[in-house]
Amino acid sequence: MPRPGFVLDVDRSTPPVLFHHGEGFRLEKLPADRSRIIYPAEPIEPIADPVGAIRHALANPLGDAAPLAAQLLAGMKLTICFDDISLPLPPMKRPDIRQMVIEAVLDLAAAAGVDDVHLIAALALHRRMTESELRHAVGDRVYEAFAPSGALYNHDAEDPDNLLEIGTTKHGEVVEINKRAAESDLLVYVNINLVSMDGGWKSTATGLSSYKSLKHHHNVKTMQASTSFMDRHKSELHHSNWRMGEVLKSSGVKIFQIETTMNNNVFGTDGPMSVLQKREWEWTARDRMTFLAMQKGLDRISPRMRRQAFQSWKAPHAMTSVQAGEVDAVHEVTTANVFRQHLVPVEGQTDILTMGLPYISPYNVNSILNPVLVMCLGLGYFFNLYRGKPPVREGGVLIMSHPTPWEFHPVHHPSYIDFFEQVLSETTDPLVLEEKFEKQFAEDEWYRHLYRTSYAYHGVHPFYMWYWGSHAMQHLGRVIIVGGEERSVRRLGFQPASTLQDAFEMASDVVGREPTITHLHNPPILMADVT
Amino acid sequence: MKALRFDRKPARYAAAIVAGKLAPGAGAGVGPLRLADVDPPELPGPDWLRIAPRLAGICGSDLGTIDGTSSRYFEPIVSFPFVPGHEVVADLLDPLDATDGSGPLAPDGTHRVVLEPVLGCAARSISPTCAACAAGDLGRCTNISFGHLSPGLQSGFCCETGGGWSTGMVAHRSQLHRVPDDMTDEAAVMVEPTACAVHAALAAGIAPGDTVVVLGAGTLGLLVLAAVRRYTQAGTVIVVAKHDAQRTLARSLGADVVVAPGEIRRAVRRSTGSMAIGDGDITRLTGGAACVLDCVGSAPSLDDSMAVTRPGGQITLVGMAGVTNLDLTGLWHRELRLVGAYAYGTETLVDGTSRRTFDLASELVMADDLARLVSATYPLSRYREAIAHAASAGGRGAVKVCFDLRTEKERTRL
Amino acid sequence: MSPKATELTKRLPVNGVSAARSASMMAKVASAKARNATKAALPFPLTPPPVPAGVEPREKKSTTGADYDTDWARSYPARLARVMLVQGLVRPAVKAIASPRVRGLDRLNGLEGPVIFAANHHSHVDTPLLLATIPEPRRHRLVIGAGADYFFANRLTAPLSALVIGAIPIERTKVTRKSADQAAALIDEGWSFLIFPEGGRSPDGWGQPFRGGAAYLATRCGVPVVPIHLDGTGRILRKGKSLPQRSVAVVTFGAPLHPAEGEDSRRFAARLEREVASLSDELYSGWYEARKHAHAGTTPPLQGPDTGAWRKAWTVGDRTPRRKRKATWPEL
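Residue numbers (my numbering), protein chains in the order written: chain A, 1 to 531; chain B, 1 to 414; chain C, 1 to 332.
Please note that the accuracy of each hint is not assured.
Claimed, not checked - Incomplete in silico selection of chain B near chain A, CB under 10 Å:
id: 1; residue: 259
id: 2; residue: 267
id: 3; residue: 273
Read the hints as simulated data drawn from the structure, not as lab findings.
Bear in mind that the values here come from a model prediction, so they are computed numbers and not experimental data.
Cβ atoms here follow ideal geometry from the backbone N, Cα and C, with glycine treated the same way.
In isolation and in its complexed conformation, chain A is listed as follows (with noise of 0.2 Å):
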């Protein structure tokens, strides 16, 4: 019976507390008597048959929204979209969620005689996938079936042959999509929410549109004022998806959206692996022999061999629900499930958060968790894991552990090098970077060349990384990375400390000598329910 989320008051007995330092662990103490650790719940039960679970699903579908078989007829245009390489993350264990669904769909259309079908991976402007990482998400069948006809691509946001404006929401924000995507008799979006930002009307307005539709809401403004983007009603990013989505079903789009959800099962419950996703007071010793031996053996390799080490790992984690239609009706019941494997009830706020930082983000599968990254990560991604409030305070700290090497991809992202060597080093002020230079970034010929025709993440997107901190800068009085490069850190606009125990000398000038402390205990995911 897995045991739900709990808060843990941190005593003097508590062990030392696991924190992810990148591609690493640390055992960190913590003070007594005023810290709390969030622990997350523990994996619930995938569902034991996932391929009868999505038929059912699409033959039963929310909303108002026909049965899928009945919507496919013999010559229609049909096409498929599909959450791109930023999902799930870690990467999972073959068979992929999606080859599941997009067979269980296929199967369908063969049987209704469909001959004219599309994949369209729907990455908007991240960049395009490989052959082998098309070929773990759908599957090597339905990879040979289509890929060698062309008819199996990424989405090109800069081809503007390809692009359909569709209309105009009532606040002014173009609505530009995919051109196969909306002029297809049925769009067929499969889903991936490993958190609650993810689907509903996001999927096709973001997922399939062009910057000039994605600066409408990928901006700082927005995103100051989406207090959090996991949590769709608080968030302004959401609103204006949610625009756009009425737009595309009053110009007649037709989408039948595919959504699931996922459990937290990242390294295992039982295995090597399940160590790191275990409570520490519960670790065996075998548990404990296990994680000696990992670090020393970690630290014993080059840092290009860990991370190859790491980003080959593939969770286990597995489908927890499925369900098809409309997709208003559709997202509830998902965000729904999401929250039952997420959230964790908290009370009140804290001046202290700290979290240690994985070596994967969206942004870097098979990649390097460069200091943009970095950032984006620990004030984008795990600062906004909250609903209500933040777990600290308006002007507390925020500290993160990570080794935050001044190392970038230079295939996966050219424009991240010129952004932090060229404008952090003017500014790190979001508001002035995006009047300053997001233009000259978002216009340059040789990003989108390299976007259009290399494995490059758009020329704007290391402004998007930035802009999704921007509410916790805001929020925030410091920021503090344990462990990081100094040099970077201090690019950064940070404060870089050894130690943990350095870090909260270093914060006791914003909060005092004897703060309080939250820590997000992570792996796996958790998101915090503050009242």
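Following the hints, complete the assembly by docking chains B and C onto the known chain A.
Relative to chain A, chains B and C alone:
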């Protein structure tokens, strides 16, 4: 008199090469450079005068000679034993007829002069002078190492003239420029290196609004930057500086963008908005900067220069490059011009007027207060430390290191 | 003349008896003499006893063919030896000769308990190929139904078949109650079963009709059947040849089939054959086309076109599975 003398001693020279590889400037200790008691140099001819150096700078070419890294090209145009030091501000010891008609000058130390060290036809008593010397371009003299003087491209490389790293030397009257009273010694000693920089900046072919890249922010790089800003109408100037102190100085001297050595290609790409070849990791740019001034002169800096110059652009080699391995395909394919800039002479400005480089340099030194670039001075007795400091100047936050001869006891005896 | 002399005279060549015949007659006489001599040398326990007259000789129990007892081959030491043989000898050999490409393993995810594997049959390489590619742990808890008359013919091939491939004898033409019971008992104990429903290797490269054995066992024991399609093994070692030729074989696993309520084994066997045909179609026309054919009922059958023998053989060579050609730049 006391002088630092560079003798011809092959064994010591070999030792200096080895030492120089281990630690910059270490060749001073084990090499042929010695602090010796020598006779003051004789006057080689009627138009020669004696001068007593006050401040003498240590230049990159001196360091190259001491550490054994300079090319063998110089052997026939240098005569041993010589006293190094060609960046000199000195006191006149013999009267010099003032060219401005104010009468002969008294040899009582009230008139200081700056040395223009290049030895042309006039200094070598060659008549008629060659075409270059007649035009005022002494650096291009075709009678170098001939005439009534031992070989030596400049004072400070010639056995008969002496050099700045001593308490007494001789100079031809055509080599001397008067130092105005409001110019300090430190400002005066910067005039010679500034003249090199001005000459290079004006030889670089910079058209109005061009993007200019200056590689290197040591003494030469910073002075080139100042000269480019004052005497050309360049657009964006990008400077590559390795050390933090250099970066601050570069910004104060007018650089628009200052970057670290590994970042230059991306910085030029951003500034010029050009495309690049290479998947995110730039191999070379397809466009680039109009003019690149290489003040480092090493193989990697030449590599960077070729990668960031636009087709039809010009790379001006200001620093002394030695024997280098270079793939010239890029030079041919992009129709680049690789141009050397040595010493100084007479310059033609944008408006067509003709001025001597030294005059332009003096103006620049006073306008930008380049005297602040003299970071440290040493007496002759501490020459090893002085040379080590000069060799690692960038890392130690220094720019120009000089010998201070004003405090030497022997001066006043003469 | 004496009677002996008359005999001898009759035997003289000139009197009409050939030299060879006379030599053989002499030999017979000599061996009879010798036999009588040995009989006299070794006593009864060392030699088989003669049967006395007037007594019915006992029926000899047959121990070859379908009556061979293979229980010893499922004991622990025998299983250990088989694991080592399979991992150490069979798998590397198969990799070298057949370079197998395995597809569709994900369809077996979440499948628990013993299953029956049913594959098409073109060559003797099929069994080692399947032994090498069926995923663990079922690979090591596998029983193979092999033709009793071929694999268990004599006292040498029988133990070898039982040990190396873990075979049990099955009659080809009509399965007896005994074999069926034995197979069912083994499945109930948790052993997975590999069977070739065609009954034998195809003689011409096209399939033969699927018999009902696999379907019957699945229904009787309540276990699913995993259809497998083997492609390319006919190229490696055809029926009739003795030396294998290196080539690429493709093993495609299909989704497990459960017998429907009240479905008789003949109909199930037909469904199984259609599934294997669909797997073949997947390989030759692509997965989506194959699904469309399956839903429309137009999957090309395994038994080939409904034409005469020579045209069938002609068209076997026509089909080539879609293979990715990797473009390589010439070395300059």
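Exercise. Against the structure shown, which of the earlier numbered hints fail to hold, in ascending order?
Worked result: none
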